[in-house]
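Trainee: Taken in sequence, the protein lines are chains H and P. Read left to right, the first sequence gives residues 282 to 694 (the working numbering). Read left to right, the second sequence gives residues 60 to 765 (the working numbering).
Treat the hints as calculated values from the structure; they're not laboratory data. Please note: incorrect hints may appear among the correct ones.
Stated by the list, open to error - Straight-line alpha carbon distances no greater than 30 Å define the calculated DSBU-like cross-link-like pairs of lysine-lysine that follow:
1) P/K744 - P/K662
2) H/K600 - H/K658
3) P/K340 - H/K569
4) H/K658 - H/K671
5) H/K560 - P/K662
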Amino acid sequence: MNKKYFVFLLCIGFLIGLLSCQKEEKVIKVGVLHSFTGTMSISEKAVADATLLAIEEINAAGGLLGKKIVPIIYDGKSDANYFALQAEKLINQEKVEVVFGCWTSASRKTVKPVFEKNNHLLFYPVQYEGLEQSPNIVYTGAAPNQQIIPATKWAFDHLGKRFFIVGSDYVFPRTASAIMQDLIGELGGEVVGDEYILLGSQEVKPMIDKIVALKPDVILNNINGDSNIAFFQALRKAGISPEVIPTFSFSIAEDELRSLEVNKMIGDYVAWNYFQSIKTPENKAFVKNYQAKYGKERVTDDPIEAGYISVYLWAEAVKEAGTTNINEVRQKLPSSSFQAPGGLVYIDAETQHTWKTVHIGRIQKDGQIQIIWSSHKPVQPRPFPDSRSKQAWKDFLEILYKNWNQQWANLGN
Amino acid sequence: MGKPRKLKNKESFFVKIRKRIAFQLLFWFLVIEFPVQCVLVYVSYWNARSIIQEESINNLSAISERQVKAINIFFQQALKDVELLASTPDMYKTTYDYQTLRDTSSIEKEAKFDSLHRGFLMKYQETFDFDDLWVVSPTGKVQFASVEQGMKGEMLQSKKWQNTTVGRVFERANILLQADFSDFSLNTKNRGALYIASPIRNAQKRFVGVLIVQINNQNIEKAINDYTGLGETGESILLTKFKEEALFVNNTRHAPDAAFKKTISLNQDANQIIAESLKGKNGSGMMIDYRGEEVLAKWVYVPSLRSALIVKLDTEEAFSSVQVLRNILFVIVLVTLTLVILAAFSVAESFSRPIRKLTLFTRQVALGKLDEQVNIASTNEIGELADSFNQMVNNLQKSRDELQDYAQNLEQKVAERTEELQAMNEEINQSNEELSSTLDFVNRQKAEIEKNNNDMLSSLNYAKRIQEAYLPSSEKIAYLFSDYFVMLKPRDIVSGDFYWYHQINPDEGILAVGDCTGHGVPGAFMSILGNDILNSIVIQDGCIEVDLILNNLHSGIRKSLRQKETGSKDGMDITIIKVDLKGRVLHFAGAQNPMVLIQDERKYFIRGSKMGIGGVQREKERIFEKHTFPLISDTIIYLYSDGFQDQFGGLDNRKFLGKRFRELLYDIHLKPMDEQKDILDQTFKDWKQAYKQLDDVLVVGVKIEI
Numbered sequence: 282m283n284k285k286y287f288v289f290l291l292c293i294g295f296l297i298g299l300l301s302c303q304k305e306e307k308v309i310k311v312g313v314l315h316s317f318t319g320t321m322s323i324s325e326k327a328v329a330d331a332t333l334l335a336i337e338e339i340n341a342a343g344g345l346l347g348k349k350i351v352p353i354i355y356d357g358k359s360d361a362n363y364f365a366l367q368a369e370k371l372i373n374q375e376k377v378e379v380v381f382g383c384w385t386s387a388s389r390k391t392v393k394p395v396f397e398k399n400n401h402l403l404f405y406p407v408q409y410e411g412l413e414q415s416p417n418i419v420y421t422g423a424a425p426n427q428q429i430i431p432a433t434k435w436a437f438d439h440l441g442k443r444f445f446i447v448g449s450d451y452v453f454p455r456t457a458s459a460i461m462q463d464l465i466g467e468l469g470g471e472v473v474g475d476e477y478i479l480l481g482s483q484e485v486k487p488m489i490d491k492i493v494a495l496k497p498d499v500i501l502n503n504i505n506g507d508s509n510i511a512f513f514q515a516l517r518k519a520g521i522s523p524e525v526i527p528t529f530s531f532s533i534a535e536d537e538l539r540s541l542e543v544n545k546m547i548g549d550y551v552a553w554n555y556f557q558s559i560k561t562p563e564n565k566a567f568v569k570n571y572q573a574k575y576g577k578e579r580v581t582d583d584p585i586e587a588g589y590i591s592v593y594l595w596a597e598a599v600k601e602a603g604t605t606n607i608n609e610v611r612q613k614l615p616s617s618s619f620q621a622p623g624g625l626v627y628i629d630a631e632t633q634h635t636w637k638t639v640h641i642g643r644i645q646k647d648g649q650i651q652i653i654w655s656s657h658k659p660v661q662p663r664p665f666p667d668s669r670s671k672q673a674w675k676d677f678l679e680i681l682y683k684n685w686n687q688q689w690a691n692l693g694n
Numbered sequence: 060m061g062k063p064r065k066l067k068n069k070e071s072f073f074v075k076i077r078k079r080i081a082f083q084l085l086f087w088f089l090v091i092e093f094p095v096q097c098v099l100v101y102v103s104y105w106n107a108r109s110i111i112q113e114e115s116i117n118n119l120s121a122i123s124e125r126q127v128k129a130i131n132i133f134f135q136q137a138l139k140d141v142e143l144l145a146s147t148p149d150m151y152k153t154t155y156d157y158q159t160l161r162d163t164s165s166i167e168k169e170a171k172f173d174s175l176h177r178g179f180l181m182k183y184q185e186t187f188d189f190d191d192l193w194v195v196s197p198t199g200k201v202q203f204a205s206v207e208q209g210m211k212g213e214m215l216q217s218k219k220w221q222n223t224t225v226g227r228v229f230e231r232a233n234i235l236l237q238a239d240f241s242d243f244s245l246n247t248k249n250r251g252a253l254y255i256a257s258p259i260r261n262a263q264k265r266f267v268g269v270l271i272v273q274i275n276n277q278n279i280e281k282a283i284n285d286y287t288g289l290g291e292t293g294e295s296i297l298l299t300k301f302k303e304e305a306l307f308v309n310n311t312r313h314a315p316d317a318a319f320k321k322t323i324s325l326n327q328d329a330n331q332i333i334a335e336s337l338k339g340k341n342g343s344g345m346m347i348d349y350r351g352e353e354v355l356a357k358w359v360y361v362p363s364l365r366s367a368l369i370v371k372l373d374t375e376e377a378f379s380s381v382q383v384l385r386n387i388l389f390v391i392v393l394v395t396l397t398l399v400i401l402a403a404f405s406v407a408e409s410f411s412r413p414i415r416k417l418t419l420f421t422r423q424v425a426l427g428k429l430d431e432q433v434n435i436a437s438t439n440e441i442g443e444l445a446d447s448f449n450q451m452v453n454n455l456q457k458s459r460d461e462l463q464d465y466a467q468n469l470e471q472k473v474a475e476r477t478e479e480l481q482a483m484n485e486e487i488n489q490s491n492e493e494l495s496s497t498l499d500f501v502n503r504q505k506a507e508i509e510k511n512n513n514d515m516l517s518s519l520n521y522a523k524r525i526q527e528a529y530l531p532s533s534e535k536i537a538y539l540f541s542d543y544f545v546m547l548k549p550r551d552i553v554s555g556d557f558y559w560y561h562q563i564n565p566d567e568g569i570l571a572v573g574d575c576t577g578h579g580v581p582g583a584f585m586s587i588l589g590n591d592i593l594n595s596i597v598i599q600d601g602c603i604e605v606d607l608i609l610n611n612l613h614s615g616i617r618k619s620l621r622q623k624e625t626g627s628k629d630g631m632d633i634t635i636i637k638v639d640l641k642g643r644v645l646h647f648a649g650a651q652n653p654m655v656l657i658q659d660e661r662k663y664f665i666r667g668s669k670m671g672i673g674g675v676q677r678e679k680e681r682i683f684e685k686h687t688f689p690l691i692s693d694t695i696i697y698l699y700s701d702g703f704q705d706q707f708g709g710l711d712n713r714k715f716l717g718k719r720f721r722e723l724l725y726d727i728h729l730k731p732m733d734e735q736k737d738i739l740d741q742t743f744k745d746w747k748q749a750y751k752q753l754d755d756v757l758v759v760g761v762k763i764e765i
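With the rest of the complex left out, here is chain P (with noise of 0.2 Å):
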């Protein structure tokens, strides 16, 4: 189980509100309206801010650079100054008259000389507006000094003064010959001091001593406090190293007295930036200055005085009008965004009223008031969906009245029609009764029709064992020949193909194979009379030609069936032969049928007499003729009905025909004779394949040997 809900009514209510359109819509403004608005304000703030920084950079950049030039030119100005003065012959003079004491210590020649040269170069100092201005000899010693007399008789390449800047200064004025400055320091009285040091030269250029003067601080501020460009904040500011403190060379704008006494530590992580310019990398950029504020800055190093400028600007006056435009866009954002939530509010209920009135009438719909319709004014899809909704409830109104008539009708439809249902059901009932002593009577007559088949069954069978018994037995046929086979398939159970064999003597037999019309019993029939015929005319009369066994057989059959006076067209077509061993030769004759021989492998086919047994006569007598065959090797011999190449089957439902019959015959002949006979019953098992059987098959094949 969760919580129980607290405050349940609260949360319905903020529910409610949150499924409002007017809510959702209100969000989604603000969803999509707020977060672009506010990337638009903040990249056009931060645009405006970089461009204001770049271009108070650039103008950091090109007041330093003035301010550069103009420091450059000051003391390249100042060394020419004093190179200049060094170089004069008043100057010369006096290096020279007062090295002329340096192996006297006379007071009155030093008095002397004071007073002799001290006139100008007091004035020289005046006019090029040095602190101080010094004479020393070119072993170091101070000749002259006009303000800081103390100086005199120092020996500047002492210990004491050395490694000291006036020391250092010298040196390089002695050993380079050329004039040069010094680094800013402080000088005996604890005051800012630049020096410049020249070598004093007499007029065959022969070195004498060096000149060593004080730039005066304030024209070294003038070179550097120029406020052009800076506005209200800005201010330049000249640092050099001293020690391990960057020490204010000049006074500047929000320290007034700062030259020389304000210095800034190196050391400490915020000063990085101004420890890397007195090492020379110049840059730009914001930073911390040294009253904690922050200004954009743009700092360089100046070779010439191993010092750093900085010139800068305080933020808050470079980025002013981003103020503004910030606090503009502030309100910009303020006002869009009120004027955002009353037109979502506005639009939504403009959308959520039709709404809610359409869901009321909706309900009341529900309730089953068809006869009220909603009247919404106004012309956009709410409008059409509030007319549509008056139509479907006109429309519900009209279907329910025509609905409740169609129940009316329906009932008594439906009462008239249960009555004649009930009629045909009894109707029904009444023919299924009769239908069912109908299905009875029936019953009982296909049991009789299956009783009388049955009977006729049994008949033909004990017919068709008298019929196998009349035909001749397998030792009289082999009697006479050394292999034979009789192939006998009935079309029906009984058969009116039959074959008949006489022995006349050891050596003599005849053999016959017929076909009587029809088959079945009607053939079988016609094949019991041809056979007793047949016993009569040979057996009995001893007539054993073949031609005038067929002649009688013809007689016979006709006499016996009063063909002469009933026109009744039975009788048979049929081969007979009559095989002489002793005398080795055969006879043959034929009634339609005929007889291949195959001797020596040559092949005869010997067709009968184009007449058949039995039938119409029209001819006086019926003469058939009589073939004789030499028998001077193995004979085979084959008599057949038509009944074989008769026959329907095949891939195209056609006759196995004669022709076919013979070579297959031809291809066999070699074999043996009972293997001939599976050969034939299953070639014609194959050819005949599901057709029926449309007569009688009787193949008999002999074997003579001689």
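Next up, chain H with everything else stripped away, as it sits in the complex (with noise of 0.2 Å):
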């Protein structure tokens, strides 16, 4: 009698330990991609802070599909490289449902192949120079007719025709001067210069010098990361104010400013789709309980409410879809919409890029922003600007990345 009670506990045992086996995950794993380290740590954290953020008020509306978004939170150094080897990771080994992340071009066009490899999703959101067009990546930053071109028409339009063009040497600063050199050549304005440095380097005196020199009407300033600090300090010692030579920055945010000495900013301009400064009761609220999380000093802007938005555009695929498969997700995003701290985005069905309204702002002395021009809608993204055809911009990629020893940044070998 013993023996066969036994074998009964014994298969009622392992019935148990079966299901609790076939139990359903309670979570929803979540990639974060950014530089925490390194001259782009500046720019990226913020935006990284941005994702948690609204991860944090998601899960405490009850989550997503019933279920807690964990993010696992990798670092990318800075480098593009290792941003593909850590996008690997995040995608292989820690099975994670999407990736918000990068945000220099050259990162992205690392992680690129891995995620189409494995056929997963990428949220990206930096402005950025266009020229693509994946499946596997939703853009969330600005395409080029969203920032970069208004930015050069408005400027030829009110600040002046002959422009000077500063940028780091990667990918993003080489194409956006292109597409503004074929901007200018069509309004029939002139470019005097254009000039870069390494990414993260402070080596900034030959263009200063340059400059100087040939006085342009408005200088276009493509500078990433820390090396607008040098840039400006330099450009301000020598003479160059706001009143002499308007410098119109595309890398430049509310939180750039922080680092920047604002009072020798003022009355510069910036180009995006958000600023902290737009009245809207969702900005208000998303303002507030960024500030709240991360402290009363920190600001918001573009690239860190695009950062914010991806996780709420994502989300809203995946209720739509019932689903956090990629393929079921990416379906829905079309009709996913948000109402973002910037005024409604959602995502173009046909170039995966988000409709998104274009802000001109003049820099104020307390390190906001003055709207001076808005299109007061959404523009539906292009990424491929009409100067050149699609070939003709592939082909420009392909001679960058061939000078540059198959890399999307000079590494200054």
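Now that you have both chains on their own, put them together as the hints suggest.
Mentor: Put into structure tokens, the structure is as follows:
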């Protein structure tokens, strides 16, 4: 009798174990891949913070599909190639459902084949040079027609027709410069200079000297990272103030202004799809929550807002699809929209970029931006400027890649 | 006291009904069946309704998806058409020509350009079915307007126009350098309008102006108003936010004149779904539409137009099949209920009719009518019960008859028995009287016996005193011995054991301890005889040799009891010692009985001759052995009869035995003599316990100090 009873208990135990093993996961793992160290950490850390804030808010509201979202945070170390390794780990080891990350186009270019190979999904939150359209990347930052082109046209109409272009020497600034030069040519303007420094370099003197010599009407600034600190210090030291020659920066927002001498930046120009000064109830709540979590001295800007809305857009698509399966989520992305702090945003079905409102602003003394021009409604993204054909743009990128020894940045070797 | 009972008759009637099986059965049938049926009907109805609702919503979702796609395709195509138009050489040439007029105000030149370009511009407008077409300079001046010619010359970047729909769409095309839509709005003629603006570029792709067209509203409606799959009441509404209201963009099935006229307030709670959908929230479910009707709806936000599309269907139509189901279920419930009630009554009646009959029959039986039978034609348990009842009544009838006969017999028997008992009673009374006189006689005899017994006891006690007087006094024995004890325990009142002492001279004395045959009175007589003969031998005849004393004692007993003639066996066992303190010697002789002597911790057990005193003599002369011991140091001597060692007792009811007795003497010999006596006395009591004392016990212990 005892033996039979023991066998019966054993069977029950096995059954319970089997059922336990088959128990469904109660969490959804997502990857957060940004530079927390190195030259880009100054910009990327704040974006990661906004991503985590959005995740926290969704969890507080009951989670997604009844499950808690768990962020798996990896450091890209401001190294484009390292980003690719980390992306691989997030996808294949951590088995995350989606990745929110990258800033520099170099890092995006290196991780793009990883996401395409694994049929995974990356939400890229930063304005960029366009010329790309991957089914495995959702671009929540501005495409060229949502920042570079309108800013250059506005500058042409209002600031002058002679332009000096500066930038960090990697794919975004080089491509942005090409787009700007095409446009300025179409408008009948003139590009008097086009200078670059290595990413992270502080060697700005040569370009400053040229600016002083050539006296352009406008400086179009594509420098990224903490190189901007050296650039503006040297520019101001050389006597180039916003009143003398205004600078239109494309990688400086409210967060970067915290590291610069704001009083020497007053009057310069920026173009984004979001400013902290936007007066909507959603933005008021967003700024309040962000500062409550990370400190009252913290500011919000376009990439930060894009990092935040990326999570919500993905969550909307997941809710519509009823699953985190990437193929099904991608199907639902075009039908997902979000009342973002900066206004309603939604994913373009054709390009998987985001419809975003365009704002041009002027830097104020408190480090905030005053909006001086707005599209007033979201603009359809166009990742390929029609100044050249798609093939011509692809050839352009290939030449850059080849010249940089199969890299997406000039590493200075 | 409680309230007085009103309507007594009715209440009684109701109480009666409540007690009926039919009522109770019907009640329980309904209690069990009705709720279950209601639950089933409810579940079925709502299940069907839920399924139909889900299917309807899915259908509406598919329709909305189709319509959104159609809308997007239409507008994207319109955008492309405008971009294409803006890139034609005709458009560039038109713009260029009009711009040459900016520094002049030549009316002739303007008229010339109008006639030159109006033709193809109007043709383009008609071909693409635009409501209007404007050519605008990069600075915002309207150079050409095909329909609303009053717009010509207006500056779209001026304060008048810059915040209008037209002004903004121009500004966007101007800065973004791409074609774009305006929001839905009302034009100058208060008609609904949607504009597309596109930059005009020359062959060198240089930006030279902006083309603005107004989309034909009817084309918008064609894209939206497709009622396929929407039954008789379904429709689609495209709503755009206009000020703080939702403005109808299209005419609808139920509001054929709604386009750009009808609005819904977004501030009312009832319209929250619409307000949320215009903020970008998609959803589906039940809602109240603008007519106040309940509808199933799917609402989606169309981002490209910043509008919300609501595809809906009246619930009445959606759930019409469910209503039919509900009605059918209702009929089924009624029919089932009716059948249940009929069945309950029928079944109840089949039980209660025979039971009523049986009840009536039972009442008759209770009144004593045992000659009837109940007739219930049923093969079930009630039929069996009826048969049992009939059987029971038959048995009752039989039992009653037997009981009556028995009762009659019993009376007669009781009378007879009563006579017998009376006779017996008289006999018992007589016996009682005889027993009473016998009891008196017995009581008298008892009293006499008790008196005789008391007289005998008095005689024996008197005899004991006489015997004790014969025994030597303590002073006599203490003269020779430094210490001594005598423990004499007669079995009866007088004893057959005795001790005798004679002081020969100050240094010599003779001590004897005897055990006569028998105990009690015969033993006591022997002890007196023995005492007298010893006095005669030792005191009168002067014989002081212990062995000779025994010899003469033996002869004396035989002679006194004429044992030669009679052959009686009476006599005694005896030990005798003579102590000579001066000569420091002790002499011992024994007839059967031994002596224990302890000197210098050496123990001696000397047995007496194996001959008693008196009794049968076969030998010519009875010679007793004499033993002599030197008294070289203090000596303790014990002389005793066999009464102690032959006593039964202990745990196993055995004899004490001589060996144990001697060991006891060895253990206590150094103690004071009176203490030794106490120990021997207590030991004897402890050994004997409640057993009867078998024989007289005599132990004499003496101590000789040298």
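Trainee: Any hints from earlier that this structure breaks? Give me their numbers in increasing order, please.
Mentor: 5
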